[in-house]
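S.K.: This is what each chain is made of:
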Amino acid sequence: KQEVTQIPAALSVPEGENLVLNCSFTDSAIYNLQWFRQDPGKGLTSLLLIQSSQREQTSGRLNASLDKSSGRSTLYIAASQPGDSATYLCAVNNNNDMRFGAGTRLTVKP
Amino acid sequence: EAGVTQFPSHSVIEKGQTVTLRCDPISGHDNLYWYRRVMGKEIKFLLHFVKESKQDESGMPNNRFLAERTGGTYSTLKVQPAELEDSGVYFCATRGSTDTQYFGPGTRLTVL
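One line per chain: the protein sequences are A and B, in this order. Every position in the first sequence, counted from 1, becomes a number in the working numbering once 26 is added. Every position in the second sequence, counted from 1, becomes a number in the working numbering once 18 is added.
Please note that the accuracy of each hint is not assured.
Per the computed footprint, the stretches of chain A lying under chain B, defined by three or more beta-carbons under 8 Å from a beta-carbon of chain B, are [to be verified]:
hint, segment
1, 68 to 80
2, 102 to 111
3, 123 to 130
Among the chain B residues that face chain A by a calculated CB cut under 7 Å, a handful are [said to hold, decoys possible]:
hint, residue
4, 25
5, 60
6, 61
7, 117
8, 118
9, 121
10, 122
11, 123
12, 124
Honestly, the hints are just simulated from the structure, not real lab data. Built from N, CA and C at the ideal position, the CB exists for glycine as well.
Here chain A stands alone, though its shape is the one from the complex (with noise of 0.2 Å):
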């Protein structure tokens, strides 16, 4: 049974600095990887989605890495702006059962 980690559970930074949220998951038989971000009392946004036979995706100032034989999954963040405080979810798919991990809680201060 696919299980999925985030760590931390909350991270607060001040604006500006560049920062790591981190996922791990025990089944490293993925069919891909997807970061998502949830704002309070909204939805989720879909950030990137890494395809098992990719290591990286890039958007804008967002970078996610997967390393499928560990079994992890890194989504960097570069120059943080208060704009980036929400909570920050990784979600494993196998065979269409996605796995969400619990989410990282960030704050960026101004």
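Using the hints, position chain B against chain A.
M.R.: Frame of chain A, contents of chain B only:
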């Protein structure tokens, strides 16, 4: 293009009552998923439709939950009778030809 919409945004019912949640997918998305997040836990998969057919309903917690997708368009998730532990946020997500799932804003269900 409109995103995934869910109705209602919030529902408060008493234990034993029935509630029906609705999800309208992005037009043309054949794949529709239901998820829920109960207090303090991670989001969990409930089931997956491909058009009107249930592809995978392994995450449905028990037979008090019934999902339908008549005509392969919108979907409903009915809880009957509702129990206290059913409280949480119910998300719908849809997917077209790519692998990206697009989520709706969720329905917050409170069972008293």
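S.K.: Compare the structure with the hints numbered earlier in the document and write down the numbers of the violated ones, lowest to highest.
M.R.: 2, 4
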